[in-house]
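Respectively, the protein sequence lines represent chains A and B. Residue numbers for the first sequence follow this note's numbering, beginning at 1380 and rising by one. Residue numbers for the second sequence follow this note's numbering, beginning at 4 and rising by one.
There's no promise every hint is true.
If the Cβ cut is set under 10 Å, some of the chain A residues that face chain B in the computed set are [to be verified]: (1) Leu1419; (2) Ile1430; (3) Ala1437; (4) Trp1491; (5) Ser1492; (6) Trp1496; (7) Gly1603; (8) Glu2085.
Simulated from the structure, these hints should not be mistaken for lab results. All of these numbers come straight from a predicted model, not from anything done at the bench. Yeah, the Cβ is synthetic: ideal placement off N, Cα and C, and Gly gets one too.
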Amino acid sequence: MSENNTSEKRFLPIIGLFLLFPFLRMFGGDLATGSPFTALDSAFLIPLIPIVIFPVIAILGQWYAGEDWWRDNFKEGGMIALCTMAISLSLTIWLAVEFFTGGASFHHPMEWSLFNWITFDTIGQDVNGDWVHLQVSDSLNVGLWIDNVSMMLLFVASFLCFLICWFSIGYMNTDPVNKDRNHRFYAEFVLFTAGMLGMVLADSFLWLFIFWEIMGLCSYLLIGFYYERPSAAYAAKKAFLTTRVGDVFLLIGLLMMYDIYGTLAFDKLLVDPSTDLLGNPVNAGTLKVALGMLFVGAVGKSAQFPLHVWLPDAMEGPTPVSALIHAATMVNAGLYLVARFVPFFDVTSHGHGVEGLEDLAILIAWIGGITAFMAALIAFVQTDIKKVLAYSTMSQLAYIFTGLGVALWFYNHGEHHAAVIAFGASMFHLFNHAMAKGMLFMSSGSVIHEMHHAHHHVHHDEEGHDDFDPQDMRNMGGLASKMPITATAMAIGSASIIGLPLIGGFWSKEGIVAETWNAAALHGGTWLLFPAFLILLTAGMTGFYMTRMWMMTFAGKPKSEYVGHVHEQTPWIPTPLVTLSVISLLGGFVLAILGAINWLGDAETLGTLVHEHGIVVAILETISHAFLPTDFFLFLVTWVTIAISLVVGPAMAMRIHGGDLKEGERGPQLISWIPPLSAKFGRADVSDLAESGLADALHRRLYFDELYEWAIAKTIIPLSHAFAWFDRRVIDGAVKGIEWGSQKISGDVRKITTGRASDYILMAVIGTFSILVLLWGVI
Amino acid sequence: MMFGNPLTLLTLGPIVAGFAFMLLAWATPPSKRAEVSQYIRILIFAFALLLFALSTLMFLESYSGISWTQIGLNNYVYDNCANADVAIEAGGCSLVNGFGVSWHVGVDGLSFPMVWLTTLLIPVSMLVEWDAKKGPQFHSLILMMEGALIGVFVSLDLFVFYTFWELTLIPMFFLILLWGGDDRKYAAQKFFIYTFTASVLMLLGILVMYYYTHVPVWEGNMTGRAFDVTLMASSSSTLGTSFLGGFGMQKAVFLLLLVGFAAKMPSVPVHTWLPDAHVQAPTAGSMLLAGVMLKMGAYGFIRLAVGLLPAALVHFQVLIVILGMVSLVYGAIVCLGQTNLKRMVAYSSVSHMGLVFLGIATMQPLGIAGAIFMMLAHGIISPHLFAVCGAFKHHYHTLEIGSMRGIAKHSPWLSGHMMTAWMGSLGLPLMAGFVAEVAIMIAFWMAFGWWVILPALTLIITAAYYLWSMQRTIFEGGEDGELPESLHGEDPVDITWHENAGMFVLAALAVILGIMPFIFFDMISAFSGEFVTEVILDALNGVKP
């Protein structure tokens, strides 16, 4: 496929040109209105342009598939998609600049309204029980709402969409399997982007839901990209239906919210949720149920227990899809929705929340804790590299759910400071996890891609399909020397997920664990002890399964003949990996120094500490805050977490899966010390454990899938057949009985039906004509 | 005055033109038939486009000139007999002297979307089935159908309304009988007799109302009664519970009308004609049947049963909810058990029309607006569904879900349309059906609370049967060149350009109305707001003990 590999350099100027789109927009505003458009005026273009581009790529691709210029110059639509991503990204950056310079924040979000979607009247009963026309002209509107959380997520989404689109051009277009159908991939990719960016920008729960569903659709389409494989078609359907279950509850939640407040717009719900539009106080019990319904939707979308079954199967999609949708962006939608709960819970002096919602907060934390633990457990036995990452995603998202649950619990308890830290840490973990997991999936894609090519290379002219699975880690091993960039990226990403001190995820994960224990042990949240234990345990387990994955893939001796033929040479792939490696390595630290946790929690501006005390003090302050908390209990929690996630988990993984590379080979500079180190831990034999009942249960995903399938096969399927039978035999049977009687009578009448078309038509015409004459003749 | 009205033109124009084209095609000598029929088809299509342009112009004018929010209840736009109380009572617009039958047409937020939809679907369905056998006859029947359908929606005189109502059966009967599938005779007869029987009951209800609608006896009208809806409506609102001589009679008439309209919509348990008719009907016939004819039932129900007898609606609210709920849930579950693609889509219509009943039963302006918008949205999406089914039948000669595999590989355009239509029908946001569903659900929650769980769970079943059918037809397999047996070794082909063009129009409209529903929702909402506050509110307060 190397003739197809036009390198990325040729396209750089074009992409750069599209990054300048905001300037065009500004000048356009000058021409059109006499004053330049602001970033806020242009923000609606961020989702709109991808929506418009979606049919363009789909239709052009369908027309021109197979033509050389389409394949080489447009990368089968990939270049159009990438330029679209560039526009969205540049507009986002422009918006971010305006956001920070304009001093917008939680308390002063940027708002912009577009149009009234639908307007209507409402009737209701007055105090006497009489029905009256309520004198409000209600409407459901469309607009934008940008505060700290949406700004962060908007950046994450548009940035990762851009990078992963870049990666896709290398990954998808060089694979002969995808030849002449990549346009479908890029069209759906672009539509997905519109959904994600639109959801983040939405200014009401309704539009959040609308774009939420669009993402669900794209997830469905992209999982089923290789629709000819029954497993992919099945996985796509499963993903859509499972999330649909959550979505239906989300919809019910929206209906309840509308009934409670009389609106779904954020400018009411997120500003003063203690009263409805008419000023009446809100009932905490009803609100709790409504928020609980919304939470079920979040559980479905973010693949949490018990609606988690779709995510591992979703790995049937192409790897860029897993990276984008099922790791970095869409699965965060549920978290974003739960993050929107804060104003409802905030009963501190800063907010107008409703008291008595702790139960729901505890439920959220429990779901998070259970999922984190369960997913990590299942990840222990996975041999498919993408499945490990899928379960890891589930587990890390569950961390964030726990953190959000704790934050909401603090808010509802009136503990503002702790709540801000827990919330900020959760959102910060979302950022770190998205960056790291997006990169990890792309790295795994790089590995799979090269393994696949190596396999092709070895059997190049043979048509026969053997059972070789390029995703199976049992075929890899010792790849560190063959794929230096990928191995380094994967090591950094894993370190960020594990929470290696000073790297990415460390800053946020510590915050979540510490605040959960803080709530459970020091603030009387006894119910939170359970999730607190679980996520502490999961920290160690994360260390284990991430290390295990890296070791099985990159360390040790090659486990199949194909490893020797692996080369890291596909263009377009390394650039995003390097970019994200740098961000994962340094981004967490830099943002921590700038006070990202505080900013994401509540603060007005970013970088207050640096501003006030200078950079050195800020660094020292941040580090001492993380490693040497003043409270002894939190100090203990911090160091226990570090110890088990960094030492216990990885050491055990190295004992089982570690090993040095082949003689004479070395890994890349930065991580060359890891394989030799891993060999020094000795070998542990776990074959007994691997054959135990527990391992079997884990391999079968703790029986959830089987349970659900059994339940469906026993209820709705037989019911549908019974109903279909009933409809045909009983209801229609009765009709046929009547017909049979009347047909005897009409036997004579039927003699005039000659069966010739012209006769029938003539009769019809005569009939029509006589009716017309009847009508007209008497005027 | 009568013929200057664009609505009269939209109604009678296509009937006359269709008749003329039919005669022309019939009179062409067989030797020239092939050549002439080409021109006739183009002429018919151009005529249909012209009518569409006319109704679109009316729509645009309505946006610039006529404020739908201010016309008030019982007033109509493009009314040829405005101030009917005075004009008709004085014998204006009279059609059949002596019986109170008048040529009275007009549109409001309830009927205009349906009129526009009809003028749109006619050329689209012609386009989709451009190369039907005996094309000129086929297309002129469709053109005649257009006139009859529009006549149902615009006529404000129940005699004329009923005439057009039955007139729609004739072209459809022949479309099924002459261009249908293998079992077409049975299906056509069943369709005709079934709906005809139901509408006779409706006629009975109409006659009772006629009997009670008094106008002064003047020279031309010796009965002292009138069929005019506007007169009936004002009589109903002034007399209240004593309209039709008492509440008992109101209930009886309501039930008669309900049977007639429910069979047309159709609602369980009088729905079984629909699957048979659809499976046998030609594609264009199915499109019009699902797109417009089913809406006649819902339209009539709102205009006559609810509009004239609101107290009876309040009385029978639970019955309507049950009918709607059973249609919705039962229809969806039956869909899951179907093996024929077109039959499944037909049952999905039953399911969606159940939502219309639910929306009306909420008696909230939003619910009724949602129901009307559902009629419009379903009128765009379900023809798309049937066009896709027709394309399967046409190009793969089968509709059995189990006999197809991996069609997407051979027919990417067809599969794209299938996905769009299927997704639109299962209520995907940013498509028109979702707007209606959300509106109905919000109103339903306001009216009935937790019962909303049933329609909500049905959304999952809907998604399940649509996705399952896609998985088993266009996805999965097809890798090793396996093809449906019904092809008998022919090469699989994709849809033709004219099918594609027709379907594209429908897909684009579904998306446009999904993103910007206010285009039609504003006028619908203005109507439903007036309707509820003027008509239903009194009834709600009136029957309260």
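For this session: With chain B as the partner, please determine if Ile1430 of chain A meets the hint condition of a C-beta pair closer than 10 Å.
Result: 8 Å, holds
Exercise. When the nearest CB of chain B is found for Trp1491 of chain A, is that gap smaller than 10 Å?
Worked result: 17 Å, violated
Problem set entry | Residue hint Glu2085 of chain A, partner chain B, criterion CB-CB below 10 Å | Since the shortest Cβ distance to chain B is 19 Å, the answer is violated.
For this session: Using 10 Å as the Cβ threshold, decide whether Ala1437 of chain A counts as touching chain B.
Result: 7 Å, holds
Exercise. Can we keep the Trp1496 of chain A interface hint, with Cβ of chain B closer than 10 Å?
Worked result: 6 Å, holds
Exercise. Minimum Cβ distance from Ser1492 of chain A to chain B below 10 Å?
Worked result: Violated - the Cβ of Ser1492 of chain A stays beyond 10 Å from chain B, reaching only about 14 Å at its closest.
Exercise. Hint check: is the beta carbon of Gly1603 of chain A less than 10 Å from a beta carbon of chain B?
Worked result: It holds, given that the least Cβ distance between Gly1603 of chain A and chain B is near 6 Å, below 10 Å.
Exercise. How about Leu1419 of chain A: closest beta carbon in chain B under 10 Å, or not?
Worked result: 21 Å, violated
In summary, the numbered hints that this structure violates are 1, 4, 5 and 8.
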